[in-house]
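Take the sequences, apply the hints, and build the full model.
There are 4 protein chains.
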Amino acid sequence: MIVSKCTFQVDSSRKIFVFQKKISDVMDSPLEKARRIFHIDNRTVANVMSEFYSTLLLLFIGIGIVHQFDLSYKQLNTWMQINIGWGLAIMFCVYTCSKTSGGHLNPAISLMFYSLGKLPLSHVFYYSVAQTLGAFIGTALAYTVYLDQTHHVLGGLQIASGPNGTATLFTSMPALHVSNTIAFWDQFVGTGFLALFVCVITDKRMEIPPGIHALLVGLLIAMIGMAFGMNVGYPINPARDFAPRVFAFIIGYGWEVFSYHNYYFWIPIVAPFFGTVAAAWSYYIFVGFQIPDQPQNYIKEDRTDGDSVPLKIT
Amino acid sequence: MIVSKCTFQVDSSRKIFVFQKKISDVMDSPLEKARRIFHIDNRTVANVMSEFYSTLLLLFIGIGIVHQFDLSYKQLNTWMQINIGWGLAIMFCVYTCSKTSGGHLNPAISLMFYSLGKLPLSHVFYYSVAQTLGAFIGTALAYTVYLDQTHHVLGGLQIASGPNGTATLFTSMPALHVSNTIAFWDQFVGTGFLALFVCVITDKRMEIPPGIHALLVGLLIAMIGMAFGMNVGYPINPARDFAPRVFAFIIGYGWEVFSYHNYYFWIPIVAPFFGTVAAAWSYYIFVGFQIPDQPQNYIKEDRTDGDSVPLKIT
Amino acid sequence: MIVSKCTFQVDSSRKIFVFQKKISDVMDSPLEKARRIFHIDNRTVANVMSEFYSTLLLLFIGIGIVHQFDLSYKQLNTWMQINIGWGLAIMFCVYTCSKTSGGHLNPAISLMFYSLGKLPLSHVFYYSVAQTLGAFIGTALAYTVYLDQTHHVLGGLQIASGPNGTATLFTSMPALHVSNTIAFWDQFVGTGFLALFVCVITDKRMEIPPGIHALLVGLLIAMIGMAFGMNVGYPINPARDFAPRVFAFIIGYGWEVFSYHNYYFWIPIVAPFFGTVAAAWSYYIFVGFQIPDQPQNYIKEDRTDGDSVPLKIT
Amino acid sequence: MIVSKCTFQVDSSRKIFVFQKKISDVMDSPLEKARRIFHIDNRTVANVMSEFYSTLLLLFIGIGIVHQFDLSYKQLNTWMQINIGWGLAIMFCVYTCSKTSGGHLNPAISLMFYSLGKLPLSHVFYYSVAQTLGAFIGTALAYTVYLDQTHHVLGGLQIASGPNGTATLFTSMPALHVSNTIAFWDQFVGTGFLALFVCVITDKRMEIPPGIHALLVGLLIAMIGMAFGMNVGYPINPARDFAPRVFAFIIGYGWEVFSYHNYYFWIPIVAPFFGTVAAAWSYYIFVGFQIPDQPQNYIKEDRTDGDSVPLKIT
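Chains as they are written, first to last, in full-length UniProt numbering: chain A, 1 to 314; chain P, 1 to 314; chain U, 1 to 314; chain X, 1 to 314.
Because the hints were derived from the structure by calculation, they are not lab data. Where hints are given, some of them may not hold.
Note that identical chains are pooled: a pair holds if it fits in a single copy or bridges any two copies.
What the hints assert, rightly or not - Derived pair list, reagent style DMTMM-like, types lysine to aspartate or glutamate, alpha-carbon separation capped at 20 angstroms:
id, residue 1, residue 2
1, Lys118, Glu32
2, Lys204, Glu32
3, Lys118, Asp203
Just so we're clear, the structure is a prediction, and the values are computed from it rather than from any experiment.
Encoded structure:
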């Protein structure tokens, strides 16, 4: 019936054909039938589900990477694979959420988007809970995959810290010569760089193709691990650090995972929130707000083309 | 003659010129002449040929990578190159099939597409046979390239397992301290992640540019090797594991390649089929089905542009 | 009111809708309100701010990478991560400036653009000062993050050169067997390759999508470090080498950071200026000027499509 | 004058404005003035110049990578950087030629394009000479950059082969346990994979965005080095192997660089020509010719969009 009303030029009517074709395609496929059953209309619930699911996947993969690194005595993974592997894990998990919640996977990033006026405060809370829950379950799943290897290497011994400490399989345990002040600054800086370049990547005025946003975020994680991974191991994510710490506590590492290093555990929870907000705004003040607008009566011809010349249309 | 009928606006007629130009180009070139000789009209045959050819290439390259790793005592390749190298091999082989069969290269992935209603069950069978045959021949070809090196290092000795075992040149042989239960779970998980993110990448609602789909699949393989490569060496593909195992049996490794580790050999054949289907559906239920549709009377202006605003056309 | 005047075809009017939607969006968001406060109209000031900010970020990250490399005795970073890490740092910092100053981050690159007639000479001066200042502050910030680690490893000793010399944490200190002549040639070559391929990447006739320009520049840096990093450690940037050298002088490494190696310090400041200009012009003479124009009465149909066929429009 | 004749719809006339703007831009800039002086109208000469220049750059960078690898006793570069570094070098050199000669950089690839009917035989000859000359000069330039390091490490001794042999700084010198038969097969296979996937990448029916073709070729080189680099070090390019061998002969390595390993030197010159042609045609027969055409009266709506649906236009 849309076509019958069509009085447009050829160029427009073609689009209508496309549109109709798609609707019919959608109706026929089994996947679309299942979609009608499982689809949730409430966007908040759907987005929270996405954050839960993706953070679960992220920790499932990420804790797997760390286990492979530690349990093989750095024979199978080196620090390079910690960087690249976590980067790829973030990349795929952000892609997963890219059309629903956007893929924060990190309470501090959610807070940053609130501070920029792009997310309601209530969502920051919902997302954070979902992310932390997902991180916990993801950690547990990764643990099961490496159950035999862990038993083989640790022999049942679960010592949190010290020369034979293995809580680093799950969470950050800084060396004794790093003070908590520097640890806080380190987490502020590391998470700050994450937030800063996430703003660069997603800034619409930057015109970076959305199809590679997640790819760039993955490379960003790798870079942070190469530059600021030495002090405490770049958790840069409250959910990623806290949930596995609770898991380590439960499976027998004991209270020391919290008390170690003068109760260091709160630092990778709190510092990232300050880091993301400060860094995001520093970006906007120094660069983001300074990107020139296109003149009001000009339209860029083709936004994917660097050569394009703005054109008067009036 | 098409042009003579042309009463369209300039914008449309331009397209017609393009079209005509292409037909004439096609007629003239020697490659197109050869195409008319070799082109097979039956799409099933052509797709099966593609799967055979690409899985052959995949194992030719991949077994080469493993040989270089093992035969140089990890001097020329490290575990990093196992990850990156296999990732690149998958990437190029998926690109190769991207316009014919799609590049499954893996019976478990073919089954997943069947479970999603995107491939007839008969094709799963044809593809699996082609993939396994291709994998066998690819293994044999890689073996010939490293014939001298193999003889130099092994000195003719072909011991399947144990401290001097070298069947890992071809197929997965897990360490003794990894139980078959964990091996099954490991293969379920590893292949699951493969399937899950393949669904993310190829989901049309994700709007990831098709030109980088294969690139992302390559990175995905690398990531799985960094996270879940330690237990059994991430075969995550029944054809990739079984065909070289048969080849190893034939060239003299003996029955032990099957009987080792309490007849472990069936695990990387069976577990992936469960893993791919379960993971694919978990993705669709948690995220894929929740991606909002564009409103029915809206059309996105430019799908490669994140800024684009849906527009009423009625 | 624009729409009311609209007498265009549907295809054009759609664009106008897009345009109007954007203006209203912009007005509402908190970020855009802040933009109206912080926006600087003077383009020169804004661009100089961008260069300052991005070079600050670059050295903050880059000096962090080098510290992690040296202070962990190459356990956490290897030479590979020096290459990849600096490459990623450049990439993100170039993306940051891509819509303001363009992201030179390097006085020698600014001079190159002047020699190509793309930047006024005065801007080369402003940019160079901003880049050097930014580099200095970025170095200082990275230093603070690794304060504890530095103290732990060096124990307060700050020896510039020799077997226990650690000024390489900040700046280039070539080995004794490399003459200053070779060092000059090395810096000429290294910065030359940087400039040459920056010209390739940004040459409009190359039609490389602008969204991946910064990505390619990052890979370029990594490549230079793999090919020409051995002689003096590829500073290839006067600001990157000089500012941290001054910082090292200030924090106690003493005059030796300048006098070492027969006053080598001026070489990575001066050689890059010659290298960039010579290499850029060599590219244009051998290749850039030889890229054929599209015939005057032809327009490429779709510039992102390799298949596209030029079409007569007259 | 074009505009004055303009009676097209807005959509078309916009394109004309773009066109005019570009011409005037071009006229004004200093770079375009220089272009009018240096531009060579003869396309064959221009393309040969491109091949010469880019192969020079390729060897300049590539020989630098190998020198850094060998002269630092694998401390600064590992085999991984040989793979990635050469890959990046190829990538940038192919980008450089992408709008002139296309960037073969390899006589065997030029022959392959002849066999596919895409290059006249005379051009294969011209290109090969230019590539070999460029490779020679590039080698010489890289040698000068590492003059001091070479002298420091070798102490003036230039021994071609054996435990202290260093001719591998320039050219391939296979281990004694690799027969020349296997070496031939290895070069046939290695160059074959290069050619095969170059055909995949550049096949128009594959619709891979041209802006990432060179990137993929770079990754391809890295992959070949990971899979088939062990036997003779993957020269896979007659120009890349022969020219530096002549250079090594001249600077004092003596006749042994040719006579070594039973006059192996001709193998990486001859085998690649067979490998590229055989592999390219195998690709077209198994896959390339089987890619289905779009139906004659259908036009794809948007070729960068995987969702696009062919539409009738008649």
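These are the hints, each one checked on the structure:
Within a single copy, lysine 118 and glutamate 32 get their C-alpha atoms only as close as 31 angstroms, which misses the 20 angstroms cut-off; across copies the closest is 12 angstroms, which meets it. Within a single copy, lysine 204 and glutamate 32 get their C-alpha atoms only as close as 32 angstroms, which misses the 20 angstroms cut-off; across copies the closest is 12 angstroms, which meets it. For a Cα distance limit of 20 angstroms, the shortest separation of lysine 118 from aspartate 203 inside one copy, 12 angstroms, qualifies, whereas the shortest one across copies, 26 angstroms, does not.
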